[in-house]
Structures are given as structure tokens and as C-alpha cells.
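Enquirer: Start from chain Z and add chain S according to the hints.
Taken in sequence, the protein lines are chains Z and S. For what it's worth, my numbering labels the leading residue of the first sequence as 795, then goes sequentially. For what it's worth, my numbering labels the leading residue of the second sequence as 1041, then goes sequentially.
These are calculated hints, taken from the structure and not from any lab test. Since we're looking at a predicted model, the values are computed, not measured. For each residue, glycine too, the CB sits at the ideal point set by N, CA and C. Check before you lean on any hint, since a few could be wrong.
Unchecked claim - Per the computed footprint, the stretches of chain Z lying under chain S, defined by three or more beta-carbons under 8 angstroms from a beta-carbon of chain S, are:
#1 845-857
#2 904-914
#3 978-986
#4 1030-1038
#5 1107-1116
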Amino acid sequence: MASSYNAKEEDGHHSGAPAHGGAAAAAAKSKKPDNTAFKQQRLPAWQPILTAGTVLPAFFVIGLIFIPIGIGLFVTSNNIREFEVTATPTRDTSNVFMYYGLSNFYQNHRRYVKSRDDSQLYGDRSALTNPSKECEPYRMSDGQAIAPCGAIANSLFNDTLELYHIDSNGTRNTIPLVKKGIAWWTDKHVKFRNPGGNNNLTAAFRGTSKPVNWRKPVYDLDPSDPDNNGFINEDFIVWMRTAALPTFRKLYRIIQKKAVTTPTLPSGRYVLNISYNYPVLSFDGRKRMILSTISWMGGKNPFLGIAYITVGSICFFLGVVLLIIHHKYDTRNNSADIPN
Amino acid sequence: MAMEIFESGLSWEVRANSRHYHKHKQKKSFLCFHWGRYADNVVHSYKYSPLTFLPLTLFEQFQRVANLYFLLMLVMQCIPAISSVPWYITIIPLVTVLSVRGLKDLVNDMARRRSDFEVNSRPCDILVSQSFDSAQWKDLCVGDVLRIHKDQVIPADLLLLCSSEPHSLCYVETADIDGETNLKYRQALSATHTQLTSQPSDETLAAFDGLLLCEEPNNSLYTFRGELHWQGECHPLDHAHVLLRGTVLRNTAFAYGVAIYTGADTKILRNSGKQRVKTTQVEKVFNRVVIGIVLSVLLVALLHAILSGVFSSQVMGNADISSTVVVNANPVYTGFLTFWSYIILLSPAMPIALYISFELIHTVHSQFIGWDMEMYWQPAGRPAQARNTSLNEELGQVGYLLSDKTGTLTQNRLVLRQCCIAGEIYGDASVRAEDVEPMDLSWNPFSCGGLHMSAPSLVEKLRGQQCPPSRQFLTALSLCHTVVTEWKEEALFYQSASPDEETLVGAARELGWVFLSRARDFISVSELGVTRQYQLLALLDFTSKRRRMSVLVREPEGGLKLYCKGADIVILERLHKDLQYQERTERALELFSQACLRTLCVAVRSVPEASWEQWRKTLAQSAAMATCDRDALLEKLYDQMERELQLLGVTAIEDRLQEGVPETIALLQQAGLKVWVLTGDKKETAVNIGYSCKLLDPDTRLLEWQELRQILQAPDPGVSFFKARQMELWAVDKKMAGAKTAVVLTGPELAEFDQRPEWGSTFMSLAEHCQSVLCCRVTPGQKADIVKLVRKHTSSVTMAIGDGANDVNMIKTAHVGVGMAGVEGGQAVQNADFALSQFRFLQRLLLIHGRWSYRRISLFLRYFLFKTCGFALVHIWFGFFNGFSALSMYETWFIALYTVLYSSFPVMCLGFFEKDVSAESSLSWPELYKSGQRQELSSPLILALSLLYAVYSSLVLFFIPFGVFYDTALDYQTMAFTVAMAATFTATIEIMLLTRNWTKINIAAVCVSVVLFFIGTGITHSTVLFKKAPADYIFIGVLAKAFVDPVVWLTALLTAWTAVLPSFTAHAVNITLTVHDKQKVHSISPQPVELKSTFRRGTSLRRSPNALF
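Chain Z extracted, bound-state conformation:
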């Protein structure tokens, strides 16, 4: 964009200097305004000269930037293989992420979002036995404080998903699902902490009660891994990171790639075994299981690409319209100016 540097002489210093001399007293008394660039509103300034010639290309440039970005995003998003419930395996050699999806579940309702006690989850002992009022009505049960308290914890997603590969022989191989690393690092290591460290959780949680909907107490969430119990259970942490919108998915497990050459999920028949615990029907919702690979842009997200392409095209279109207007106006104006 063309600019003109409109700097006037910076004469701020000129007026200051003589005032120190003999005329100081006189200058101080005089009400004559100081001749500084600021006071005279002559601060040097850039005044970009905006003309049709500089503004119109901006539309095309932005269009030209946005459309490729959009196409790139769209293609990337399309390359992500995503399979809902009935999964067709791929030859992908990367990790495959396993999500559960819920629809029409208002995990972003304010009263629901607030229904937790972050001090309790941070391992605060006093909050453990005396949770925040926000947790009502899931604060106390049978006179004992609920740990973890609140509606979010109470509604923890507790279906168990298991994936089996049926190979050509008809044997059913369990696909190993990794449950570590599905939560944010800061959540796992800073935000959530067990009271009194990770040793002897049973003792630490003594005097508290399990959330009413839960089958097992919080210190017994993962029998297979003692370090994945209590508040730092990763499934729990993922659930506690509430969703933005009523239709969402959450990371459940990771299927790690085996080797560089073998596909993570070789082709064949798969069986998904769901231990159906979580009552979805009651809130008129839907429950899904998604297997997906990810790319640099995360999960599959066609919207962003389309949005970029759309906005880019609009810019391009506007540029064209303005160009036409400019052209017409220009010629008409020039002819109108001549008689003057």
C-alpha cells in the first residue's frame, strides 16, 4: 500500500532550549503555547493514501490467500479417515484415535459447568471433606462429602469400549487400546491432584462418598493401573474438560501404530464391544464411537476449509464488483469533469 510520510519538522526541541537561558523567567510567565509537535498537533504521522488502486488488490490478495488455505484444509480434512461405529479399517500407518461422541448433551449448561469444585480436584484436603456449594445437589451423600462432587463428575461417561480384530482364521484378537496420554498434560499434572499424593488412595479418600451414579469409588476407577486412579484418572479428566457445544466428542483411547510398514488397523472384520452403562436415551441424545486418524490440523474438520474457500471467494467476488464499479465510475467521472 502506498504511503506518504507526512512528517513535519520535529521542532519540539527548539522551543525547549531557549527557555533555559536568560529568557526563562519571561518564557515561564508568557502564556504563549509551546511550539511542540504534540501540542500543535503536528506529530509526524503516516497517512496511508488509500486509493482504489491499493484497496482493490487487497480483496484479490486475500481471496488468493484464503482459497488455497481453504482447499488445503479441506483436502487435509478429507484425508483424515473417520469411521463411525461400524468401522472399516484402513491401511493407515499412523495412530488411530478412538472417540466417543455424544449429541444433544448440554455439557455446556452453566449450572452443569459450575457444578464442580476445582479446589477439591486440586487435592485440597478441606475441600475434599467440605466441597463447594456449587456442587449441589451432588455435594453430600449420606452425610459424607462426595468426591469428586458435582454434576459433571456424577455424569461421568462410563461405557467400556473394546475393539477386536477378527483375522482370516476367525480368531478374535483384542486390539490394545492405550488409555495414557489422552488428557492434557497440564490437567494431568497440575490441575488434577489426589489428596496426599498417589499413595494409599483408599486412606486418602476415607470419609468421602462416591458420586451417586458411580458404581466404583474414585480411587478404584482403573484397577489395571494404580497410577491412573483418583482424580488423576485420565478418563475422568477428559470428561471434566467440558465440551463447548451440545454435540461433541471426547478422546477415549489411542490405538498406537505398530511399525512403519504395517497398518495400525489392518483390513478385516472388527467387533466393537460396548459395555452399555451410560444412559443416553434419557436426555434424548445419541451416542457414537468414532475411529479417526489425525493430521496437523487435528481431527476431521471440513467446515474450516469450506469456510475459508467461501470467504476467499466472497472477497474475490467483491473485488471484481468493486473493480467494475471503479471502472464505470472512473470513466463517467472523467467525462463529467471535462466541461468544467
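Expert: Quick look at chain S alone, frame taken from chain Z:
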């Protein structure tokens, strides 16, 4: 006695030298209880003490509706049931606003406290038991006798008892009260003078035990009524006996007085009233928009509350969910609570920081006016001044400029150019004043130059004692005035409230009639070296209503003479019937006024002894009467005396145009302003000034009353107006006819408008087609009436400019009042919103400062509206996807810091530094000013569009991230950060689009805002803070995670760009369409200011007098 007090209304009782009597009646107060009658002499202009500062400042600030609104929000946020955002979110902006303003008030108050202390501890001499003790002002009490030294400021309203000067005269300077720097004299009663100065000692003063009965304290500076009861006699008192607090004693060694009113009862403190609050058009429109926003917020909250109720009742079936989501298992109650939650959540849409920023910008703009070197008037050392700091943008919208003539268009530096004595004209006005060859006045020891009239024949006549009328003429000039003399370094100086008088007395001195001094009863004049004492019997003073003044003197020879000078019509109708020179004098008057000279007639009358005696008795009776009756009687009495006058001659004084007046008027007219001149002068003088200052063109057709009246009376005034114009100018180009008409009206004709109110609107619609309107012979009241007429019938902003006390009324009435700090007293400036020293400074005030201010403030308001609404309204759309639960779309800290840190600096810079074209271009293309008159940047439509734009951007801010986040594993906190980043980017890009003038500070402010956003967010998302208070900083780690997520960045950038796309497109369209207008502006050569073919002007001159008489 009591009865008497009641009847006369003189209920304020003061006993001289009895401190004990007054002391226990002094006003005291405890908390809100007040008792006592007499104020002490301590000034408390400061408001706060360390104890009361906090409660008082809070009380004051919460009287503003906006602050109260936010306090209400704060209280609501503390109720857990409805609190959608924590209480500290509102408190940050609120505390910022309150503390900025509180600090400002505190600084001002400290300054007041310092000045109070300085004033209260000024020294004065109080008589305490037989001798004068040095004391401080605050020790003074009603009834105390004081001694005032030369050049001392008078500490309270005093009754002058006596002074060191003969006849107990004393001189005071009232600059602090009315801005007039000339000396005025005050005089003690002859009773007190003779008694108290006969034995000049403190004892006599200590023994003074007079009882003073006065009117209750009031604010009238120029009236006073009271009685002195002393030694069994009653002496009436008026304002000439009183020394007011704040005036300075001059030219008098000592004066003694007794305090009548002290402290808060004094006239000057009673006068320090509040300034009338003027609000600007832009502010009015904006306030309506804010009310609209509040109402819409209520409406949206209601809608969401209902929907929330519906949602709640739908989930009632599920006990698990409803136990959390529905309060008390009652959907209606839940909806009710949601209503309040949404009001809290949407409250940021109401711009809290706006009013304080607005004030700050106004203050800076006012400073810019004062700092402008090109509006600094070197000769007087006076910069321009914005006395009212809240009207700046109004300066950019002025449609009507109503100007006084004398002292405003003209210099008010008066020069006697011609005179006509006994029908003989002396002097020549066609020569420029500087080029007049000075006469040889070496014979006159008092001559000190300054006479710009060459009339050797007159001098010859005077010195040769040939022409008695000329001698009488000069005697009249040297006697009939209120000028005061002052000797400085052996030289005689004249001081007067009226520049005309000073000029005339000065001219008389040059010609040998030297006014030497004035005592109470005598005026000494040296007539060609012979000193004569005239006994002054009465002074019939000048008022704007009487338009004349007279003195009644006894000549040294014993005869009684009344000398009178005044406006020609007043004098001419009071003349003795058969006068020999009348016809020639009237011709001279006509000639003088054609040459744009101010004329005064001088006349004399010999008064018979008998009629004087009788007149004096009636006058003495009138002194005891109540003010209003007395005024009427005096009027009649004076009228009786000023009759059967003999005309001596006419003086013609030149009042030259100020520098740059024609250019300024031409420029303002090009800028679309209607310039009207309202003057008390004669029609010819006004019309001639109109021509010479290019307000009227030589070919301008003057529309006078008879014709105008016919047009106004016609069934269709508009049609007959154009018909009349066409008939007159049928031969002339039709296009030309448009602007070339001017209306000339006089005061009495204007009075007819009072009876025909329906003419007002017709007249205004005609006046809009006219080049100008000249109103002559108008009174101060009528000037204000004209302003009212314009205000009533047009939507334009009116500006009144004037320099004298007679303009105060119109200055106060207009939207914007400008006072000229000129030769006349400071009253106009005291009452004005802006003070200038030169008329030509209006160019800069209006076309540069006004236009910039208007542009800056309009842009500032529009942007503010956009940024706050666009940011807050996102919650409406989010509500549809979170069960109308009033969940905030942003991290709560972001809401608090967005208004204060992330978006406030660049817009303040815009408000301070923005300019679309440079100062020079503003002056060379005055047409640019018209956009302000048409309210192009601040019309309700524009503001509504800004609102619409804000709604659009809030939609974009929500729905693009919505599309991206829908059915993904990205959580609420990431989305909150993404929207927040998009909102910050949107606000930043928008301000970048608006800013045309990028100073370093602008660039820094934009960068700092964005950087602050990331730093601020980083801090609130940090581990350290989370560990301190886990519940308040739940966004821990979000920034770190989102910062490296390309989806977040791409979403935020796309959202921000899409949000500002309409604005960008509008700019582009604007540029595509208007780039040619600018070229056009370029191509328009400034209209040639060289005007008036002499012939044309001659004809118009010839016509006007005929039309007049």
C-alpha cells in the same frame, strides 16, 4: 423599628465595631445541621477532607446513571443464584472508572484547597480595640472596621467610611469580578467622610457605632440598597458606597470600611454560580442509542429467560439432569433467575468506560485549542481558551454563526476621524488613519499624539476664540463622560469602561480641552491652558436602553449647563425646535455612516436655576424608593431634564475591521455557514460593514422589511419570495440569483415577530436561501431572541460570538457561545464556552479544531459502540446452544480486561490524534466542513448501522467458531479462547481501518493492545495463579495448548477477517466512489475574494438610505 425593617426589606443588620454581637450569630454547621446567620470570612471551595473524600466522591459518581447501572450489576453478580460471571468482572472496569475520575477530582480539590488556604491567610488590618492589628482574612467578622492599603485586595464587601483621598473618593479595579480593567471610583457618604476624617485617628474609627440595615445577601453586582443609622440620622446607601470583595484598591493610599457581607455572603461568592450544562448534539444522539441498547438487552434477556423456562420444562423428565439444571424443580423460577443472569452477562454491551474516555478526549481537545500557537494573540499575550470542555465536537457542526459587530468584526480600537460642529465638517475619512498628516499641536503641553484627524481650521477657530459652538462642543466632550484619570510617571492616563468615551476625551485633550481630574462634586478641565472647575450637580448615566448620557454642571461663572451626548435618533428627537444647523448636521450624519463611522451627537442645554431646584428635590425623594419604582421614576426625571437640547455637533469615530475578517467570512460561507450580524448600530453602518467585510457582495440585493413583510404575509411565502427575486433579477443569470439576497432587519421590526409567531418558521425557511441576515438596532434581549428563533426552526447548531456585556445573553442562548477577549470588559468571555482574541481565529476553531473534534469523537463513539456490542452480543447466540443458561462465551477475566486493557488504547489514540486531512487542507477546502453540518458521521442512522454491524460481527464471532468446534474433541475453554482472540483481532483490525493518521503513539497502542492480550491471557492461564486460587483461574494451560494449535489460529483469523469484511468493503466502496470528489475539491480554485465593483457598491449605498428614512 421592626415594622420599618419589614417594609423596606432591609433585614440584614450590621453593627459596626461590635464583634461580640455578630460572633455568636455566626453560621456554624455540624453534619447537616446549620444555624446562625452571618457567614464567616473563610472560603471553603474545596469539597473533600481526608475523612469525607471516599464517601463523597462515591456519592457523586454514583449519581451518574451509567455508574449506578454498573453498581447494580455488581450487586447482582454477588447473588449466587443469578451470577453468570463472578463479581470481580464488573468491579475491574468500575473501579478503574471510579478511580480515574476520583483521582481527577482529588487533584482539582487539592488545588482548590491550596488556593483557599492562600486566600484565607491573606493579610488585612482589622480594628481591634482602638488600633489596627494585622490579621488574616479568615479572622474577619461582620461589623469589623478595616483598613485597606493601596493595591490590596478587598477581603469582604465593605461600606466605605472614608479614605485618604479628598472627599473620601477611592478607586477600585474590578478585573476579578467582571474582567474590566479600567478604574472605577467609589465614594464615602459625606457624613462619614467629614466626621471620621476630621480627626484622623484610630479612635474615631473605633468609636464609630453606626447601625447598618441592608438587603439580604444577593448576587447582584451592580445594585446595593441599605441605610446607615448613625448619630440619629439615616443615610441611604447605594452601590457607589460599597467596595466589593475581590476588587483591588488603586490610586488610593488608604481606605477604611466596615464589613457588611463576609465569606459566602459576599456578592462575588454569591455570583460564582454553576455554569449551565450544555450537551452536544452528538452526545444527545448517543445517549438515546445507549438507552436503546439497555432496552434491547432487557428484551433479549427476557426472550432468553422464556426460552430457558421452556428448556427447563423439557428436561424435567430426567431427574438426573433437571436436578442440576432446573432450580427448585421449577422451570418458571429458573427462567426468572436466567433473566437476571443474562442482564449481567450482556451488561458489557453498555459501554461503561465510554463516558470517562469521552471526558478525557474532550479535555485533551480543549487543551489543543489552548495550545494552538496560531490562535495565540501576541499583542495581548492571550491564547485561545476552551472554557467549556464538553462542546468540542459541536464546533465541527455549526450551521449558523451569529456575530456581534463592534469589537467582534471590528477592532474596537476607536479613532476620532471626523466631526461636524455647527454644520461644518472637519477631517477626511477617505484617507487611511495612519496616513493622516499629524497636526502641529506643540502649543498644547498635554498633547501626546494619537489624533488621526487633520483639521487645522478647527484648531485655528478654537485658539482664535472665534466660534463659540466649537468651544462648547469640546467642553461637552471633556465634561460629559465617566472617564477616570490616573497619573503615571507624570503623565496623564484616561481609564474608561467605554472605549468611545476614552477616544473622545483623548481627542478633546489633543485639541486643548484637557480633562484633569474628577472629584466627588467637581471636574477640573484645562481649557487651552486655563484650568476651570465645574461643579458636578448630576450625572445622568448611560444605559443601553437610554442610549445617551448627560452631565449637569455649574460653570465657574455660575450658569447651569446640561451637556448630553448619545445616539443620533435619541438626541435628534430631543432637540429644540428651530435649529439652524439641523439639516446640514443630518447630511453629515448620513455621510459619516456611509463611511462606516460610528456617530454620536453632542448637545447642550442651559438649565434655569428654578427648574434645577425642583428637579433636585424630586430626585432626592426618589432615592428612598424601592429599586423598581425608583428606576421608572428616574427614567422619567432624566427624560424631563434632557429636553430642548441645542445640537452642538456630531463626532464620527472609526472602528476598523479586524485583520482577516473578510477572508474569514468568505471562508466560513464557503464552508456552508450562514453568517448573520446582529448589532446595536445603525442600519447604514451595519450594511456598510457588511459590504466591507464581504458578508454582502456588491450585487447582493437587500431585502428590507416592507418587502419581507409582504412576502411573509403572502399565502405562499416561498413562491412569492422567489418571484420577487426573479422579478428583480430577471436579466441576471438564474443561478446567480440563488445566493445573492440578504435580509436587513431592525430591532423594532423584529419586535413584530413576537406578535406573529407563525412568521418565524417562514422567515427561517426564506433566510436559508439568503446569503446573510443583518439585524440592526437590536437590544441584547433581541439578540438572544434571534438565536432562539434559529434554534427553534432549524436543526442546525448555532454559534454566537460577541465581545460585550450586551452579547452575554445571546452567547448563553446559542449552542456554542464564543467570547471575544477584546477591549470591552470580560463579561462575554466569562459567559462564553470558548474565548478567542481575534475574529479570524474562528477559521481554525471551526474548520480545524471543530472539524477534527467532530470527526474524532464521532469515530470514537461509533467504534466504541461496535467493539463493546460486537463483543457482548455473542452471548445471545451462544445461549441457543447451551440451554439458555447464561454461560459466558469468554473467560471471565477476559471480559474484565477487554474493555480496560485490550481495546482501549488504540481508540483513545484515535480520539486524540486522528485527522483525515491536514490543518492546511482543512482551510483550503472549507467544503469539507459541510459533512459535520449534515451530521454525516453521527446521525442516528449511522449509529444504527454501527449497531447493526456490531450484531453482524457478533454473529460471525460466534458462528464461525461454532462451525469449527461442532462435534469435535475441542473443549469449551479452547473455544472461549478462540472467540476471545477473534474478538480482540476484530477490534484491532477495525481500529486499524478507522485510523488514517498513524503517529508513533497509534502504532504503539495497537501493538501494545495485542501484546497485552497475549500477556494478560498468559497470566490468567498460568500455573502460578491457578495454584493460588484453583477456582478462579480454571483456564490453566489453555493458552499454551491453543497457541500451538493451527485450528485455533486459522479460526480466529478467519473469524476476525469475516467480522470486519463489511467495514473493509464499505471503506473500499467509499474510496472507489469518493476519490474523485477529493480531486474535485482540488480542482475548485478558491473563489476570488476580490469583490465589489465600485459602481455596484455605489448604487446599493444610494439605495439604502432611501429605504431607511
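Enquirer: None of the hints should be skipped; say for each whether it holds.
Expert: Against the structure, the hints:
1. With 7 residues bearing a CB less than 8 angstroms from a CB of chain S, the region 845-857 of chain Z meets the requirement of three and the coverage assertion stands.
2. Requiring three or more residues with a Cβ within less than 8 angstroms of a Cβ of chain S, the coverage given for the region 904-914 of chain Z holds, as 8 such residues are present.
3. Under a criterion of three residues with beta carbons nearer than 8 angstroms to beta carbons of chain S, the stated coverage of the region 978-986 of chain Z is upheld, 6 such residues being counted.
4. With 4 residues having a beta carbon nearer than 8 angstroms to a beta carbon of chain S, the region 1030-1038 of chain Z meets the requirement of three or more and the stated coverage holds.
5. Against chain S, the region 1107-1116 of chain Z contributes 4 residues with a C-beta closer than 8 angstroms to a partner C-beta. That satisfies the three-residue criterion, and the hint holds.
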